[in-house]
Amino acid sequence: MWRETLLAKHVLEGKTKGYKNHPQLNRFKNSKFPVDSINHYLAIIHKEATNRQYMFDKSKVNWGFKRRSLIVTSGQIKYETQHLLKKLKSRDPDKFRELKKQKFFEPHPLFKIIEGEIEKWEIVI
93 MWRETLLAKH VLEGKTKGYK NHPQLNRFKN SKFPVDSINH YLAIIHKEAT
143 NRQYMFDKSK VNWGFKRRSL IVTSGQIKYE TQHLLKKLKS RDPDKFRELK
193 KQKFFEPHPL FKIIEGEIEK WEIVI
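Okay, so the sequence shown: first residue is 93 according to my numbering, each after it adds one.
Keep in mind that a hint or two might mislead.
Per label pair, the in silico range of CB-to-CB distance [said to hold, decoys possible]:
hint : residue 1 : residue 2 : range
1    : E190      : G106      : 13 to 21 angstroms
2    : K107      : F196      : 15 to 23 angstroms
3    : K204      : D184      : 25 to 33 angstroms
4    : T108      : F196      : 18 to 26 angstroms
Listed next, the in silico PhoX-like pairs over lysine-lysine satisfying Cα-Cα at most 25 angstroms (straight line) [said to hold, decoys possible]:
hint : residue 1 : residue 2
5    : K170      : K212
6    : K181      : K121
7    : K150      : K107
8    : K192      : K121
9    : K152      : K178
10   : K193      : K178
11   : K181      : K192
12   : K150      : K170
13   : K150      : K139
14   : K121      : K152
15   : K181      : K170
16   : K109      : K152
17   : K150      : K178
18   : K158      : K139
19   : K193      : K204
20   : K109      : K121
21   : K158      : K181
22   : K112      : K181
23   : K112      : K192
24   : K204      : K158
25   : K124      : K192
26   : K170      : K152
27   : K192      : K178
28   : K158      : K179
29   : K124      : K178
30   : K158      : K124
31   : K181      : K195
32   : K124      : K112
33   : K121      : K107
34   : K152      : K112
None of these hints come from the bench; they were simulated from the model.
Owing to the predicted nature of the structure, the values given are computational and were not obtained by experimental measurement.
Beta carbons: idealized from backbone N, C-alpha and C, even for Gly.
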């Protein structure tokens, strides 16, 4: 996941020619401060990776970012949660069994949740 986010960061910084039209990029592109937002997102991922003792190159984050928030609809969060659980069911059955019992997943601190449907940019499968 963090690798995809680093690629998205490069897109937002104008440092790559590929991956420019991935639907998830729209949540950052549509913000007033896309580069700050993606760096804030990555900073939290770095913190979580460190807590889990995963390798994450701290230099990949521009730590001079200003904290921002992005609006995300409740429908989008629900869709992404179900999508994650579906992937985990085949990729990591133990983690799937653990997480499927949870009633609520704490969203990334960048996100401010509002009532609403799945985002129009989402590709529903």
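Evaluation of the provided hints:
Taking the beta carbon of each, E190 and G106 are about 40 angstroms apart, not inside 13 to 21 angstroms as hinted. Take K107 and F196: their Cβ atoms lie about 36 angstroms apart, and the range 15 to 23 angstroms is violated. A hinted range of 25 to 33 angstroms holds for the C-beta pair K204 and D184, which are about 29 angstroms apart. Evaluation of the 18 to 26 angstroms hint for T108 and F196 yields a failure: the beta carbon distance comes to about 35 angstroms.
Distance restraint check for K170 and K212: the Cα-Cα separation of roughly 14 angstroms lies within the 25 angstroms cut-off, and the hinted pair is therefore satisfied. Of the supplied pair hints, the one linking K181 and K121 is violated, its CA atoms being roughly 31 angstroms apart against a limit of 25 angstroms. A threshold of 25 angstroms between alpha carbons decides the hint, and for K150 with K107 the separation of about 19 angstroms falls inside it, so the pair holds. About 31 angstroms separates the Cα atoms of K192 and K121, which puts this hinted pair outside 25 angstroms; it is violated.
As the CA atoms of K152 and K178 are separated by approximately 30 angstroms, the hinted pair breaks the 25 angstroms bound. A threshold of 25 angstroms between alpha carbons decides the hint, and for K193 with K178 the separation of about 14 angstroms falls inside it, so the pair holds. As the CA atoms of K181 and K192 are separated by approximately 9 angstroms, the hinted pair is consistent with the 25 angstroms bound. With a C-alpha separation of about 30 angstroms, the suggested pair K150 and K170 falls outside the 25 angstroms cut-off, and the hint is violated.
Taking the CA atoms of K150 and K139, the gap is about 9 angstroms. The hint holds against a cut of 25 angstroms. For a cut-off of 25 angstroms, the pair hint linking K121 to K152 stands: about 19 angstroms separates their Cα positions. For the hint pairing K181 with K170, the CA-to-CA distance comes to about 17 angstroms; that is within 25 angstroms, so the pair holds. Distance hint between K109 and K152 is fulfilled; the C-alpha atoms sit about 19 angstroms from each other, no more than 25 angstroms.
A threshold of 25 angstroms between alpha carbons decides the hint, and for K150 with K178 the separation of about 30 angstroms lies outside it, so the pair is violated. With a CA separation close to 16 angstroms, the supplied pair K158 and K139 stays within the 25 angstroms bound. For a cut-off of 25 angstroms, the pair hint linking K193 to K204 stands: about 24 angstroms separates their Cα positions. About 15 angstroms separates the Cα atoms of K109 and K121, which keeps this hinted pair within 25 angstroms; it holds.
Of the supplied pair hints, the one linking K158 and K181 is violated, its CA atoms being roughly 37 angstroms apart against a limit of 25 angstroms. Taken as a hint, the K112 and K181 pair is broken in the structure, with Cα atoms around 30 angstroms apart against an allowance of 25 angstroms. Between the alpha carbons of K112 and K192 the distance comes to roughly 33 angstroms, so the proposed pair goes past 25 angstroms and is violated. Between the alpha carbons of K204 and K158 the distance comes to roughly 16 angstroms, so the proposed pair stays at or under 25 angstroms and holds.
For the hint linking K124 to K192, the alpha-carbon distance of about 35 angstroms lies beyond 25 angstroms, and the restraint is violated. At most 25 angstroms may separate the alpha-carbon atoms for a hinted pair to count; K170 and K152 exceed this at roughly 29 angstroms. Under the criterion of a C-alpha separation no larger than 25 angstroms, the hint pairing K192 with K178 is consistent with the structure, at around 10 angstroms. Proposed proximity of K158 and K179 is contradicted: the alpha carbons are some 33 angstroms apart, above 25 angstroms.
For the hint pairing K124 with K178, the CA-to-CA distance comes to about 32 angstroms; that exceeds 25 angstroms, so the pair is violated. Between K158 and K124, the direct Cα distance comes to roughly 12 angstroms. Compliance with the 25 angstroms bound is thereby established for this hinted pair. As the CA atoms of K181 and K195 are separated by approximately 17 angstroms, the hinted pair is consistent with the 25 angstroms bound. Restraint check: the Cα-Cα separation between K124 and K112 comes to about 18 angstroms, which is no more than 25 angstroms; the hinted pair holds.
A hinted pair counts as satisfied when its Cα atoms are at most 25 angstroms apart, and K121 with K107 qualifies at roughly 15 angstroms. Of the supplied pair hints, the one linking K152 and K112 holds, its CA atoms being roughly 19 angstroms apart against a limit of 25 angstroms.
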